[in-house]
Every structure is written in structure tokens, then in C-alpha cells.
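Visitor: Protein chains in written order, with numbering that gives the first Met the number 0: chain A, 0 to 252; chain B, 0 to 267.
Derived by calculation from the structure, the hints in this document are not laboratory data.
The structure displayed is predicted, hence computed values, not measured ones.
By construction, the Cβ of each residue, glycine as well, lies at the ideal position given by its N, Cα and C atoms.
A couple of the hints might just be wrong.
Below are the DMTMM-like pairs computed for lysine to aspartate or glutamate, each with C-alpha atoms no more than 20 Å apart in a straight line [to be verified]:
hint	chain 1	residue 1	chain 2	residue 2
1	A	Lys57	B	Glu170
2	A	Lys139	A	Asp171
3	A	Lys57	B	Glu160
4	B	Lys163	A	Asp68
Ranges of calculated distance between the beta carbons of each label pair, as one might list FRET restraints [what the hints assert, rightly or not]:
hint	chain 1	residue 1	chain 2	residue 2	range
5	A	Lys139	B	Gly110	58 to 64 Å
6	A	Arg105	B	Leu249	44 to 50 Å
7	A	Arg105	B	Phe8	50 to 56 Å
8	B	Ile84	A	Ser28	36 to 42 Å
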Amino acid sequence: MQYRRTVVKLEDVWVHFDGVTALEEINLSINQRDFLGIIGPNGGGKTTLLKVILGLLKPSRGKVRVFGDTPERGRKFVGYVPQYSLFDRDFPVSVWDVVLMGRLGRMKGFKRYSEEDEKLAYEALRTVEMLDFSASQIGKLSGGQQQRVFIARALVTEPRLLLLDEPMASVDSPMQTELYGLFEKLRHRMAIVLVSHDISAVSIYVDKIACLNRRLFYHNTKEITAEDLEATYQCPVEIIAHGVPHRVLKVHK
Amino acid sequence: MIEILQYEFMRNALIAALLASIACGIVGVYVVVKRIVFISGGIAHAAFGGIGLGYFLGVDPVLGVIPFSIVSALSMGVIGRRTKIPEDTAIGILWVMGMALGIIFVALSPGYAPDLFGYLFGSILTVHTSDIILMLSLNAAIIAVVFLFQREFQAISFDEEYAKAMGLPTERLYLLLLCLIALTVVVLIRVVGVILVIALLTIPAVMSRQFTHRLSGMMLLSISLCAILTLCGLWLSCAFNLPPGATIVLVLGVAFLLSYYFCCGASF
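Please construct the entire structure, taking both the sequences and the accompanying hints into account.
Guide: Okay, here's the thing in C-alpha cells:
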């Protein structure tokens, strides 16, 4: 196996909110071109972990390196697709402007969007196959189409790591398959971290899986042990791990 | 209607209404799309403390409002963001503290405060040339800031968390936006008074939102709507001898209900 650079490294990371532990002793390395799925129950700290990588949250303890730098400085190489529910569907803005907004972090002073910004927005919309909708108001699109636009917004910064927070929420199943097709296409260009509470769908496409419920269970492979899953979901979950056709989780002896 | 313009107070009232429309058309759009109506109401009401301060110091009350409302806007923003006190709680507390301070200041001031009612509910018919100069310069400041920061304001209004993840100084931008609201309140005080300010900051913007999905389009449309409806209200108040501030607000409210009924009547 060829050597791949580490893009994100977390060592002994803890996060506390008002005395409640949200993340406990997290150790994680993400390598170039990894496609990592992080699964775990709601409230298990999945979004918190992404925010730590993005530098939006300071860990109470531990070390975070993003592209060999602090998260604040490393995040210029990181594209982020936040959880769907966070935005106002009636907001008066076109798809084109949403995608261009992704360039704001790279702009200096009070300049206008440059030709290069517009070219990158065009390319990003073409990648997610949403060029035909660039003049539409964002709220007029379906859940899956909106998700594509937010992926395009993350792509305009030409990221080397893409963080996706529950990208399949509010996306119907045919569209989910298409979105996974898009991730297949993108994974050759960047590392992808996909966070979800839905174990079965994620496990088909990703090449590595971690379980997160305050603690992270991760063996740098796609195999998760029944013990890990039980510890994560805190109830027996054998039924999802065994005997179902097309599941990639291995049968445990 | 034309002959009424030979009076200076009427000309000033018209100019004041137009200048107020520019400020509230621009800033009101952010108030509506970023859903910060409550904090804007808080800033407007707390501004009454500044009026009291002006009386107390013996200067033009409007000059007391500028620093006072900026300080209260910044306090609401900073307390809401940096402490564990929820933002709406902080707004509620500063809202009443500002008003209470105003009342105390007025009580401590020597003499009688004859035009206090005007600052509360508007006194557009007594606008002086000096007021107009002040409104003009505040408008210029508001337009300049919005022109320079339009993309940043759009980003923090649409998705503040994402803007922060991109490395924008979101908290400072938010505080700057609150300062613009404070300045807009100052522009609007003469027209409708601190109590009724929120009508001009929200109704034209929310009406224009039904017709466009561009922020710049919303701003132009809400400036026009605000100007037309304010002038309608002013005319009605003259024709029927009603208080102008309250009449303007009622005209705005009725126009909103009508536009909502005809635009979204099916889902009414």
C-alpha cells in the first residue's frame, strides 16, 4: 500500500460543554484520499468532532492538526457541508450567489468577485450537475438539489478535505444514490469525511468506518466489531451487522 | 396637495420621510432576513435612554441617542454571544433598562420636557433643517458601510456558522450590523418615534421579499414601498388630522395585510 499523507490528526482530544463531556479521548488520523464514514447516534458528538476539525470549537484538552497546522489556518484546505436544518429556506438568494459565497473566505479587502471566483463557481456547479439551476432561489429546490448546491459551495475553495455533516438527511432515496455517486467521483480528488446516524447506507460506499458516541472506535478499516457498535449505540445491534445481503460489515466469529 | 408644500414644515416632513425610507429600506432587509426583529426592537426602545440623557445634559436629545443606542446595541450583541445569558433574555433586560434610565434622566432634568411624546411616537411635522442634515449624514454612513460589507452581511445572514468556518470575523460583522440598526433608529426617531420604529424596519422589507429573491432588489423595492407608504400615511394624517407617526404605521400594516392576502392568499 502506497504511503499517504496525514491530513488531519487528533491526539487525545476532549471537549466539555458546561461540565458535560461531549468528546472523550479522541484519537484519529485521516489520510489523503480516505473516504471515512463516522457513524453514531444523534447527540453522540459527530457534529462536535467536525467543528473541532474546522476550528469552530476549541477542545478542552488535546492536540488537533489540520494539514500540519492549527485548525484555524488549516481550514482553508477544508470544505464543509453543514447539517441541512441550519438554513432558512426562504432566504432571498440565488444558487449562483450561494456558491460564490464559498469564495468569501479567500477574498481580501473589499474587492468584487473576480473572474477566477466565477470560473470556480461555474466548475463547482458543473461538478454537482446543478448549472441549469444557477438562477433559482435556493429554497425552490428539492432537498437533494440543495445539498448539491452546498457541496458546490464547499468545492469552490478547491478543498483537499471535504466534511459532510448528515448529507443524506431530507434527501429521498433515489437522490441519495445519486449523491453517493457524486462522492465516488469526488473521492479521487480529496479526502472525504461523511458523518451519519444511518449505518447501513454509509457502510456500502465508504472505505473506512469509525463509530462515535463520545468515544471513537476506529481501526483504520471498514470493519467494525459488534462490541464497538454496541458500545456506540449502547444496545445490541447485531441485526444490522449480520446476515443482510449487500452489507459490507463482516460476520464476526 | 401641492399648495401644502409652500410651508417649510411640510417640505421638511416630506424630505424626512424620504430619508427615513432609505435607511429603513436598506437596514430593514437585514433585520428581516437575519431574523433579528427582536434585537432591533430592543435597540429602538433602549434608545429612549439616550433621549433622556440628552435632556439631562441639556443637548439635542437626538445627539444623546447616537452614543446611547450604539452602546446598547453592542451590549446586547456582546452579552448575547459571549455570556451564558441567552440572547433574547439579554435583549429583554437591556430593552427595559434603557427605557427606565430614560425616564429617570428626564425626571432628574430641570424643567418640563414638552416634546417627549414626540420622541416616543414621532413628530415628523416639527423636523428642522438640522435634523435633516443629521439624517442625511447618517444615511450616507449606512450606505457606505453596506456597500463595503454587502457580501459579508449576506454571508452572515444566510448561514453564520458557515461564514465563520470560512474564516470571516462573524461576530464583529454582526456587531457592525447592530450598529447600523442603532443608526437607523436615530434616523427614524423623528418620523415615527422609538416605539413605532420597528414597523418601518420590518414591514417594507417583508413586503418586498414576496417579489424578489435578491437582497439588492429587496432593498430598492423596500425603499420605494417605504417612501410611498410613508407619504400616504403623512397625507392621510393631514387630511383627517390624525397623529402622523401612528397613521404611517397603520398604513404600513394595512398594506402588508393586503399584499400578503393577494400574494399568498391561497395559503392564508
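Visitor: Checking against the hints above, which ones are violated?
Guide: Nothing - there is no hint that the structure violates, so all of them hold.
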